[in-house]
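Asks: Here's the letter readout for the chains.
2 protein chains.
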Amino acid sequence: MSDLQTGGGPAGALPLAYGHVDPALFPTEQLAEAAGEALAQQGQSALNYGAELGCGPLRDYLRSKLARDEGLALEPENLIITAGASGALDMALRLFTRPGDTVLVEAPSYHEALAVIRDYPVKLAAVPMDGDGLRVDALQRRLESLVDAGERPALLYTIPSFQNPSGVTLSAERRPQALELAYRHDLLIIEDDVYRDIYFEDPPPRSIFQMDTHGVTIRLGSFSKILAPGLRVGWAVGTAAQVERMAACGLTKSGGGANPFAAYVAAVFCERGWLEPHIVGLRQAYRQRREVLLAALRATMPPDVAWTEPAGGFFVWLTLPEPLSAAEVLQRAQRLGITFLTGEPFFTKGRKQGRRHIRVPFSYLELGDLTRGMEILAEAIRQSA
Amino acid sequence: MSDLQTGGGPAGALPLAYGHVDPALFPTEQLAEAAGEALAQQGQSALNYGAELGCGPLRDYLRSKLARDEGLALEPENLIITAGASGALDMALRLFTRPGDTVLVEAPSYHEALAVIRDYPVKLAAVPMDGDGLRVDALQRRLESLVDAGERPALLYTIPSFQNPSGVTLSAERRPQALELAYRHDLLIIEDDVYRDIYFEDPPPRSIFQMDTHGVTIRLGSFSKILAPGLRVGWAVGTAAQVERMAACGLTKSGGGANPFAAYVAAVFCERGWLEPHIVGLRQAYRQRREVLLAALRATMPPDVAWTEPAGGFFVWLTLPEPLSAAEVLQRAQRLGITFLTGEPFFTKGRKQGRRHIRVPFSYLELGDLTRGMEILAEAIRQSA
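If you read the sequences in order, they're chains A and B.
Here the first sequence is numbered in our numbering, starting from 2 and rising by one per residue.
Here the second sequence is numbered in our numbering, starting from 2 and rising by one per residue.
Each statement offered as a hint is correct.
Copies of the same chain are indistinguishable here, so a pair counts whether it falls within one copy or spans any two.
The calculated DSS-like cross-link candidates involving lysine-lysine, where the alpha carbons are at most 27 Å apart (straight line), are:
1) K353 - K124
2) K124 - K350
3) K254 - K350
For the record, the hints were derived by calculation from the structure and aren't laboratory data.
Okay, chain A solo, but in the shape it has when bound (with noise of 0.2 Å):
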């Protein structure tokens, strides 16, 4: 069977859905290179249930890539090995919130975040981004209204990096600003990151967590968009409380630690030095399609169609103009021969705030395919205006 959905639309259309990571970027070589390596050198460890935290030669390579990086000082008890950062998001919902609590999150947001949250008895609620990402704004006003209908905000989850599904990165002024109504609010932020290596002039600003001088934030990272997402290998930093407390879940402490096998392949790929030069070469590549996108935007979209510029990541967000619908535009898409995200799964009240929006992925499709994308994404947005 094939592991790839078709994204709904019919077969052979070129499937504009998906935010994945193109297979042929995989280092598929030096991964079974690794994966020999592994297990030859350490396949006891890698075969094994594991310590809580995880692999331990990983730990240390992660600890010493953000110090490099990033200038984070951060001790062994600080980082632990996830099951990607979606494991990590599901932890944090599961140890961090109550019955009845409410989720903050962007609008709009990861829809599979979205759903990772709703399997958690907790309520959602939105707050609306602009160019600079989330509204802090918005933000207190929503903070201090659900503190006076006798709610419990008690998470925000929020990806400020190049995210998904928008592009846009939550500026280096608003950061602090979301962490100082997180002190007043007693609210746990959940940083995801995932995207921060995927810059493509300069990186984004410093991380939330190491503005945070509370220890209020857990930051979430992955290799699955750096490396390879079927590894499903991803960590999380936070302070030691927090880390001990994940480090102690019924699911890691039964599990042995996060997936050791594949933990072990990937620390010998990093301990290789193969990392970073496959970062730089993601880089170029994710960078080249972004402008190849942007200029096939800019040749064929009609007059007010909006879109996002992204500085790094996977994802432009286009805006349709009234009275457009993105559903309509879909149906004579796939007849063109394009499938896509439109926008109402990203929005908690998806129906009323999506509706105008559709998610483009440069990830995925090779440059060709991308400006025939979209070629074709206007002549669909032309034939239903």
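With chain A held as given, fit chain B onto it using these hints.
Replies: Chain B in isolation, oriented as in the chain A frame:
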């Protein structure tokens, strides 16, 4: 760093705390070959987000294994790959219980499963066992008294074959009786059957899942006991609706199925025909260890110490005579050079119920160490008497 803890004992102590597989029994070279082939032949699938039901070839293999071994006829929509049995249990708690529900467990039960359950806002209720497993009469009384008290018993977690920690198997007679109670009380049964393949004479009775005519049972399996726990690959079988709910949960959708890379490696291992002879070898190895352990117990233990004689699995469960306390024996034993788990963590009311019990795994230590360990344990018991 070493990924194996000392089990709380002094360095160098014989670790009878582990219920782990002996790493010497891992088929490391075959797994290295399988990893190489999985990446060479199916790297793009193995390294990517996958289908929500999990690795297709592995699902095909598992359905054929269950058909061959047990005559179970499963459709593709009845089986989902999971992040080990632990990941499946965690998911079941999340998706199939509500805050305030009561979860029933065996007394004793696997202590890390209790930890998984305690991470959810549910209540725990324990049902006693005897030599034939879960006491169905006690289950019935407990269910009725819970309902009388206005509680909602939602889920029964049971390890019916070669239980961890007791080594006891639920009799064939009691299995349909437990099912009848589940039908009557709208109870979901999570049947954790991860030791099923590790039988020493005859296979265990037909699974609760197989006897279930109303679709109230989800059965969990795992490669952790029959291949390597570090892979973190297991499976769950259930009704199409149950499996669909697990496939549609946020973590599964966001992660793209459970652990694609490790699952593809396991699939190649199985497709090569390597799993069946490997399991035969494990049965022989563990049967021999059980023989040696039971012989050592008979040769060394003071009168009035009782133990179970498991027909499979990894564990013997020891009961000390009054007024001995296992904690006191452990203190002396550690000075003499072994460490083990006393009974407390396996009970929901540990201090009261577990104090006279000791779990003795025979999966991890080699024959000579098992004999020496029992000699030391017997000496520690004598010193405590």
